[in-house]
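So the protein sequences, as listed, match chains Z and H.
For any residue, its number in our numbering is found by taking its place in the first sequence, counting from 1, and adding 8.
For any residue, its number in our numbering is found by taking its place in the second sequence, counting from 1, and adding 1248.
None of these hints come from the bench; they were simulated from the model.
Where hints are given, some of them may not hold.
Unchecked claim - Straight line, CA to CA, 20 Å or less: simulated SDA-like cross-link-like pairs of lysine to any residue: (1) Z:K63 / Z:T91; (2) Z:K65 / H:V1351; (3) Z:K63 / H:V1351; (4) H:K1251 / Z:G50; (5) Z:K78 / H:Q1290; (6) H:K1251 / Z:D67; (7) Z:K78 / Z:D59; (8) H:K1251 / Z:K78; (9) Z:K11 / H:K1251.
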Amino acid sequence: DVKVTQSSRYLVKRTGEKVFLECVQDMDHENMFWYRQDPGLGLRLIYFSYDVKMKEKGDIPEGYSVSREKKERFSLILESASTNQTSMYLCASSSTGTGTGELFFGEGSRLTVL
Amino acid sequence: DAKTTQPPSMDCAEGRAANLPCNHSTISGNEYVYWYRQIHSQGPQYIIHGLKNNETNEMASLIITEDRKSSTLILPHATLRDTAVYYCIVRVAPDNNYGQNFVFGPGTRLSVLP
């Protein structure tokens, strides 16, 4: 089975802390994505990457950065966490080229910033 | 903004067919219709996609109108485990796989009742 694994299901951090959210996929996918999901706002794209060391801003990149040093791993970084970054964070991956074009999602990481 | 319109919620009796409508009146000729679902506290899961022909897989059937302005996802024998939020998404052809084309709206919350 294809798998996208997020490092933590639940995190609690304090305002101002640096937060790392890790995502690993085992499908050799070129594309990886970070979304956040909030009640009433749906899923919003933060950043995505279509190759190692490449990154593109999504719809809401402010306050976030990303790192993709290896094809299978895509990290989301909150340099200085704030309470408005309390959310569910979802990682996804997809393959470039022909196929279904579907996104494969991880289970999500629920971050609470106090 | 999402290019689709879905009812916010629907109920379905267990064992009956669940028919989830989606309006995508501005769909372009090269855009596919994708359906995902999200069970509580999990990442979204791909269900099915299509361009203009009706599609069926082990999970569901997708009926697309001839003018492609609307579609219906059919779960033929709904079970309690099908209770979830269902998202209808239109995006360009699968060989352009950048995730920014996946715009998740609020979806339809399907409740399967015993």
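(message) Check whether the Cα positions of Z:K78 and H:Q1290 lie no farther apart than 20 Å.
(response) Violated, at about 25 Å.
(message) Does Z:K78 sit within 20 Å of H:K1251, going by the straight-line distance between their CA atoms?
(response) violated (34 Å)
(message) Against the 20 Å threshold, does the CA-CA distance of Z:K63 and Z:T91 hold or violate the hint?
(response) It is violated: about 25 Å lies between the C-alpha atoms, which goes past 20 Å.
(message) Z:K78 and Z:D59 were given as a pair; does the straight-line alpha-carbon distance stay at or below 20 Å?
(response) The given pair, whose Cα atoms are some 9 Å apart, holds under the 20 Å limit.
(request) Measure nothing beyond the straight line between the CA atoms of H:K1251 and Z:D67; if it is 20 Å or shorter, mark the hint as holding. (result) Measuring from Cα to Cα gives roughly 16 Å; hence the hint holds.
(message) So if I understand the rule, the pair passes when the alpha-carbon distance is 20 Å or less; does Z:K65 with H:V1351 pass?
(response) Within the cut-off at roughly 15 Å; holds.
(message) What's the verdict on Z:K63 and H:V1351, does the C-alpha distance respect the 20 Å limit or exceed it?
(response) holds (19 Å)
(message) Just to be careful, I want the Cα atoms of Z:K11 and H:K1251 compared with a cutoff of 20 Å; is the pair within it?
(response) violated (29 Å)
(message) Please verify whether H:K1251 and Z:G50 have alpha carbons no more than 20 Å apart.
(response) Status holds; Cα separation ~14 Å.
Hint compliance for this structure: hints 1, 5, 8 and 9 are not met, and every other hint is.
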